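Student: Protein chains in written order, with this note's numbering: chain A, 1 to 337; chain W, 1 to 359; chain G, 1 to 396.
Keep in mind that a hint or two might mislead.
[Said to hold, decoys possible] Here are some chain W residues pointing at chain G (derived, C-beta under 8 Å):
hint, residue
1, L82
2, L84
3, L108
4, R111
5, Q115
6, F118
7, A123
8, L125
9, N126
10, R128
11, E137
12, P138
13, T141
What the hints contain is simulated information worked out from the structure, not anything from laboratory work. All figures in this text were calculated on a predicted structure; none of them were measured in a lab. C-beta atoms are modelled at their ideal positions from N, C-alpha and C, and glycine is treated no differently.
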Amino acid sequence: MTRTAAPAPTGTDDPALDVEGLCVDLSTPLGTVRAVDGVSFSVRRGRTLALLGESGCGKSMTALSVVGLLDPAARVTGGAVRVRGSDTLRLSPAERRKLAGPVLSIVFQDALTALNPVQPVGRQIGEAFRIHRGLSRREAREKAIELMTRVGIPEPRERARSYPHQFSGGMRQRLLIAMAVALDPDVLIADEPTTALDVTVQAQIMRLLRDIQNERDMALVLITHDLAVVAQRADDVVIMYAGTVVEKGPVRDVFSAPRHPYTQGLLDSVPEHAVRGRPLPAVPGSPPELSAVPPGCAFQDRCPLVRERCVRERPVLRPAGEGRTTACHFAEELTHA
Amino acid sequence: MPDIRAASAASEASAASAASAATAEAAARPLLEVSGVTKSFGSGRRRLTALDGVDIRLGRGETLGLVGESGCGKSTLARVLLGLERPDAGTVRFDGTDPFALRGKELLAWRRRVQMVFQDPFASLNARMSAAELIGEPWRTHRDVVPTPKAREKRVRELLALVGLRDSDAHRYPGEFSGGQRQRIGIARALALDPDLIVCDEPVSALDLSVQAQVLNVLSELRERLGVAYVFISHDLSVVRYIADRVTVMYLGKVIEHGDTEEVFDRPQHPYTSALMSAAPVLDASRTTADREIQLQGEIPSPFDIPSGCRFRTRCPHAENLCTTEPPPLATRGTTAASGTHTALCHFPLGVAGESAGM
Amino acid sequence: MSEGITMPGEEHSAGLGSGAEAAATVAGAEAAAPGSGTEAAAPASGAGAAARASETEAAARASRTEAADRASGAGAADPALAPGTEAAPNPRDARTSRWWRMLGRDRAAAVGAVILGLVALVALFGPLVIGDRAQRQDLDASLRPPSLSEGVYGLLGTDVLGRSVLARLVEAAATTLSVAVPAVLCSLAVGSALGLWAGYHGGRRESLAMRVADVILSFPSLLIAVVVLYVFSPSALNIVLILAVTRIPVYLRTARAEAAELRSRLFVDAARTFGTPSRKIIYWHILPIALPTLLTVATLDFCFVMLTESSLSFLGIGIQPPEVSWGLMVAQGRQYLQTAWWITVLPGLAIVLTTVSATVLAAWARIATDPAQRWRLTLPTKRRGASAAVPPELIP
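One chain only, chain A, in its complex shape (with noise of 0.2 Å):
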């Protein structure tokens, strides 16, 4: 954990940003579905939390709610989101635009359609300070030219002048992280950031973003699925299923000894524990659609340790263990086991 922490949050213990009760409903032509249910985490500067979840579990909406880029379709119906001591989702459009860059900012997966296809990158890299500090053009040329250089792109002033298909996919990567650190934000958000790289310019992709994030004490969120990338990357971590948390807390010691059998379930299905020859302990069927999660407890189908009570009886996040929460009934039986 000491590898990634910062050295020394600077004066406040004050969360950097805090997600308090967040819900989001997704309008379908079925109706209306719950797609963030009640998702609250907070992170300091210097502090990496993941989220963690398999596709459909909300993880990438969450991100999105913060930020204030969901899709039309979706609304958030609750919670607050708070960051230097105001709460996003009450400010206006225009208020919240002014947060988008220097507070807050994104790094997404798809490096090709988050960059526009028909400028030179360095003017959109520059973009930002044009907008936020008023540079002039060169001088907002000259930022992102020592942004690319500070990302590791070789010869950035001859490449601002290029275009995002002439890149390679961990140069647009890079690109794209410079854009989201171009005004200092005090969290950066990151949506798989490496999942569509090779294994290698992942590795480098990682630790860019590690070195990034210690230089500026930024917060950093990083949106995954990849149980690997959190255990090695991140302080926190929050694993989301159906749209709910189930388990959070440091990722040491929620990984060596989880307390939510969805948590136990995705570590054991990891095939780097698994001895060849021998069945992968699998976790049984597949997470529920959003419009048919069923009441009580959403893992209820899934788990070895489903009761009557599980069926009936939604569990609520409760405190198990030095900073963890847990959402089960049956925790303790886990750390039994």
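Starting from the known structure of chain A, arrange chains W and G on it as the hints suggest.
Tutor: Quick look at chains W and G alone, frame taken from chain A:
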């Protein structure tokens, strides 16, 4: 997977009879032997060399893991193995015969023996066909495999059970299944013709972790029950380590390392293999620390413009002048006959000059 | 109406491509249908439900029932699966009844189907009923406006020779359809076959087919028609042939584009690994996906062919009087447009109604034949299309 075990014994019986019918000589020769296969696309300066003298061997019922990053040619190799692409040079021998020399009925008969499971369970299934139609699709061409509609219906149910789906799933459409379930349909379809070899092109990389484990279990159960051999293509090292008997590592169209899974993973000879393994994040934080990581510089060179000498030299931490001028020789580590050979394409293989080189 | 005029190519992003996109765009919500998980969950939701069981659940159940229907339709239903649905004694019956039900749910398509049915009936049996009324002249009754007091044949007024417009419309329906339908079908069949073949194989075959299409397109179709019909006699057969040939490039190009895109799809690769011959791949995998687009093009072309036929008639080389077609009626009535609008407007209306109905029906058929889109037709009418932004994969 109780439903798999509950499946009818018909497929087992057919596999067993096929095995007993095979002569001892046939059993001794490898199922698949690929040597010196070269394939390029385009021409002139826009010539992309996808495969450059690739050799692989695979025995009956074995699993070969094919590892590499994008552009290494592993997907092209898969297409060659399936007869979808004809190699420019080199030979492919499947059970002693060259599939590219076959015509008509013989070609059709060969096609039965090699099948494929695709990476994308969304795109590889025609959305307008029901699960039963999809699984039975090969029989529309190979009419003699399961001749009557009644038998087909029965066989579809067996195959569904074999991959862990239910009878009632037969008449649902791909859109109604989750990714993992679709991949099971894809596997059932590949099994419909009782193949000897299934080429799996990243079969689990589009799936969620908890579902990925289910599909891997289905694949390894089938190997045990039906004796089918796999060429298992993946970029995920932990998956390959789990499922493969032997591993072939590819880089820019060449096989750069080959050997038994344990050998390659525990004592990699090629610097690329070693870097690949250290770059892959692992769950156990104590196993790989940031200091141990070998960080490769830059990205894979364009396959349109392959470096001279050793193609890995542009990123290799141990590269010397020799690597620029001379293509590397095949280095073989002396291993016992039982475990086969462990080869690497490198001037300075790791673990020979000293173990510290790998760190 | 506008739904029907989707350009080829858009079809795919709407239909098949949506799977992958859905996963990427809307937070990758698992594209699961009422899968094994749901059905296992069913007893649970029955036990503790009620709280959240609002519209959503009801709708989800509706779609589940439909899945069960489908299962019973194919003849191997698990009776336990579909407790609420009526027993289907014959699988074929069940399938047909599902089609009717889906047609019933889409009101516009149902109306379109009824209109087309009526037009077809009139074209088939109308001429038998009216006898020679379409030709019977009565100069005393020239240019009478539509009225209720002149008996059945005066309902829609008379033309300049005092012939009943109603009778002429009925007679013309038969002629028009007997020219337009075969012409459209011929060009559809030939153009699509060539286009799919060319697009699937690519290379030289593709260039050859495209050059043929270019050659046909480079002559103004009306000009070819004029020349050919001037040289040969303007019989109905010749008109059909000439119209069919000039419209072939439209289908050829559409089909080629579809096939060229589809041939690189993974499921086509999969079929090739089974050793499926290419003509069967075209027939099994490419045609069913390209067909709805081609049919949409065909319905639009139907209108074009009717109008071309009327232009030919206007030039005196189309349908020859005393035979009559809708196009010819429009052409003949043009000079009386100011004084006797009904002579022109009514046959024009017939053309428009027929084509619009065909277009609406084609749009319906496009959805109804696509398993990934079919759920739209199982929803209550008022809610459908309310939030098209959400891909169907999100919904069970």
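Student: All the hints need checking, so say for each whether the structure fits it.
Tutor: Evaluated hints:
no. : hint : verdict
1   : L82  : holds (5 Å)
2   : L84  : holds (6 Å)
3   : L108 : holds (5 Å)
4   : R111 : holds (4 Å)
5   : Q115 : holds (6 Å)
6   : F118 : holds (5 Å)
7   : A123 : holds (4 Å)
8   : L125 : holds (6 Å)
9   : N126 : holds (4 Å)
10  : R128 : holds (5 Å)
11  : E137 : holds (7 Å)
12  : P138 : holds (4 Å)
13  : T141 : holds (5 Å)
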